[in-house]
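Protein chains: 2
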Amino acid sequence: MAQAGDYRILHEADLRDYLAGIPDLKALLGGEPAAWSITEVGDGNLNLVFIVKGARGGVAVKQALPYVRLVGESWPLPLSRAHYEYLALSKQAQLAPGLVPALLHHNETLALTVMELLEPHIIMRRGLVAAAHYPRFVDDITTFMARTLFFTSDLALTAAEKKEAIAAFAGNHALCKITEDLIFTDPYRIAEQNRWTAPYLDGLAAALRDDMELHVAISRLKLKFMASPEALLHGDLHTGSIMVTVSETRVIDPEFAFYGPMGFDVGAVLANLLMAYFASAGHESVPGERRAFEAWVLETVEQVWGGFTGKFLDLWRSQASGDAYPASLFAGERGAMRLEAERQAYMQRLFTDTVGFAAAKTIRRIFGLAHNIDFELIEDPKRRAVSEARAVRLARGLMVEAAAFRTIADVTGAARKLRDWMPELSG
Amino acid sequence: MAQAGDYRILHEADLRDYLAGIPDLKALLGGEPAAWSITEVGDGNLNLVFIVKGARGGVAVKQALPYVRLVGESWPLPLSRAHYEYLALSKQAQLAPGLVPALLHHNETLALTVMELLEPHIIMRRGLVAAAHYPRFVDDITTFMARTLFFTSDLALTAAEKKEAIAAFAGNHALCKITEDLIFTDPYRIAEQNRWTAPYLDGLAAALRDDMELHVAISRLKLKFMASPEALLHGDLHTGSIMVTVSETRVIDPEFAFYGPMGFDVGAVLANLLMAYFASAGHESVPGERRAFEAWVLETVEQVWGGFTGKFLDLWRSQASGDAYPASLFAGERGAMRLEAERQAYMQRLFTDTVGFAAAKTIRRIFGLAHNIDFELIEDPKRRAVSEARAVRLARGLMVEAAAFRTIADVTGAARKLRDWMPELSG
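Same order as they appear, the protein sequences are chains A and B.
Take the first sequence: its letters are residues 21 to 447, numbered as in the numbering used here.
Take the second sequence: its letters are residues 21 to 447, numbered as in the numbering used here.
Hints are supplied without guarantee of correctness; some may be wrong.
Since copy identity is lost for identical chains, a pair holds within one copy or between any two.
What the hints assert, rightly or not - Quick list of in silico lysine-lysine cross-link-like pairs, BS3-like style, CA-CA up to 27 Å:
no.	residue 1	residue 2
1	Lys437	Lys331
2	Lys244	Lys331
3	Lys111	Lys197
4	Lys244	Lys197
Calculated directly from the structure, the hints in this document are not laboratory data.
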């Protein structure tokens, strides 16, 4: 029987032997194991990631480390997250086939998963920095979100199934805690790990720490994150967790998966698009050269919400099999009409949540521990600060006045107005 | 090792032998086991309950049956509920000492629990039918609710502790399902187990089945019941689950315990007081003879909400140790003031939930499977129907316009206005 103590970090040679010992993987890679190329490419914060290529094919191997890689051994993190990632990936593959990498092998003891190698996909965030358009993205990400969220919600599951599913992910609380601290708490207080584009955003950072309306809003969102298990979330659905080509989209890395509020996933996608939009001006070498890209991004924001809503509602209308909103209470034409109105009201409440979570995901990338290359690759810190301050201004409004944004066009309209707004910077 | 198959129903002789085999219980009862009196008193729907008295003392013994007693073997129900009841009772004893019966022995295999015998306590509902006043009730029940709900919420627990606690009760879903069906669904549709005071309430029953605003409202409450694990609920906190004397209050029977919305417990208490109020006119032999009792009941309704709120807020102010609303975000005088305003807003949201759940608990007692003696003991069915129709009129308003009731005085005021309202009856 495998024991927890059997965990060991697989370095290149160990990994080669390990993979060679699994007939299916050996055959898939092809040729002599000694000739396989093995490259560590983990640019993430938590894990080792290897790309292994043989004479015939390639695989990606992900192994969890017992600590936060970004910080070091002083910040331990349970290996069990690999198990939850595997559970989530299996569920997503079932619900959204073709939109996640194929799962080839999992070893719980080693906290190791072998997946399809995605080639020539790149991390979407890199493409957005380069002003690339992704014509499949809207359809794919809305399908992914609508199906994974709907089919794990009370609209599709019985209450008993739902409770068991919540319990199955309850143990992933160490990963939730990272989110609770780094997204919902630290950016709003003095915390060692916070950083921002100093000195230009010093004043804004201080203002956020002093903004009690914002603190109430982020605390309500935090409580919702902790105590509203509406559906199985990806839990970290930013553009760095999405791999794309012009014709394909794959969602990766669901190790933060747990049962939480749907708006957290949807808001993550919208926030990261909006950050790409605000960062875009900072990447111009000629003023206005990225306007077409920027227009595409805002259009994409609108279509993501619209597409998600449309697909989620279609599933609700055609495949509701859960214990919520029982069909027997909405019989007949009047019942059908009233239920349809309630579906719209449900989506409106979800929109309000989504807007709030999008704001939270934005602010953490500018004042918290984990930043993103959308902003970070703007070399001139002053230009970067300008882009960041615009994003923060939108985010502050979204969070504190979430209910004032009734439609996604209200959000993109507000973003558009801030495109050329010049903030007052410190320093 | 005990197996599930080792379960057997303990009849009187078996129970005597079983208790005699446990030295502590044998000593507590005292005298010769053969001389112990054993009486089955279970008037509930689900279990066997024995009162056992010996030469020295007495105990109450509760054993779960593998089916719903009220309906018979055709409706199976898992014995595991005895385990969840034991878990909940242990937690309540820790959080609200002296307000639940002392736990003397538990046998998970037999689904059997031995508790302190409560004497001369009676079921509070019986006392209310007899127009008794209970001067300790407000202080005790508000302490029980404030402490059990606060200390199992995100205000007192870390997110990790909370998730583990939710998971520990997730398996009690069969009991939750009873509530989901009998409270949140069946009374609003044609269901075999529904009954009401026919023919007088036939029209009202049909109106409820046709009332789509009400169906939306009850469905939202059902979703909240299923997917808002705010705190460890008793889950069945009506006046039949409370035993009283003029100087003592004990909450019993938490077998429906699970993590759910706090308003469900608070609403249960308020609803059952309000039903006692509306039933009161039906128990008069001389018009007006129970006016003092009725005034006490409405005063009690106000004091239960007020007392609960006050105690819950005091705990929040003095003993918040959970991950919600982190103190570091509300430092200084401005932070303290803003947090205090948010506490009030939190209680206002909880009040709205409470009012809705109180309405749901009322309607199920008049149109669903399980009725209560407050109304049932009104012998004249027409008088009973009048009392019931008044309660339903209030409940319909509370559920559909929950947000219009801003204070508990709005609720008692509305109840008072309906005291002599004459409904149109069918038949």
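Hints and how they fare:
Taking the shortest alpha-carbon separations for lysine 437 and lysine 331, neither the intra-copy value of 29 Å nor the inter-copy value of 48 Å comes in at or below 27 Å. Both within a single protomer and between protomers do lysine 244 and lysine 331 lie at most 27 Å apart by alpha-carbon distance, with minima of 24 Å and 23 Å respectively. Taking identical chains as interchangeable, the C-alpha atoms of lysine 111 and lysine 197 lie at most 27 Å apart whether they share a chain (23 Å) or sit on different chains (25 Å). For the identical chains of this complex, lysine 244 and lysine 197 are neighbours both inside a copy (14 Å) and across copies (24 Å), given an alpha-carbon limit of 27 Å.
Hint 1 from the earlier list is the only one contradicted by this structure; the remaining hints agree with it.
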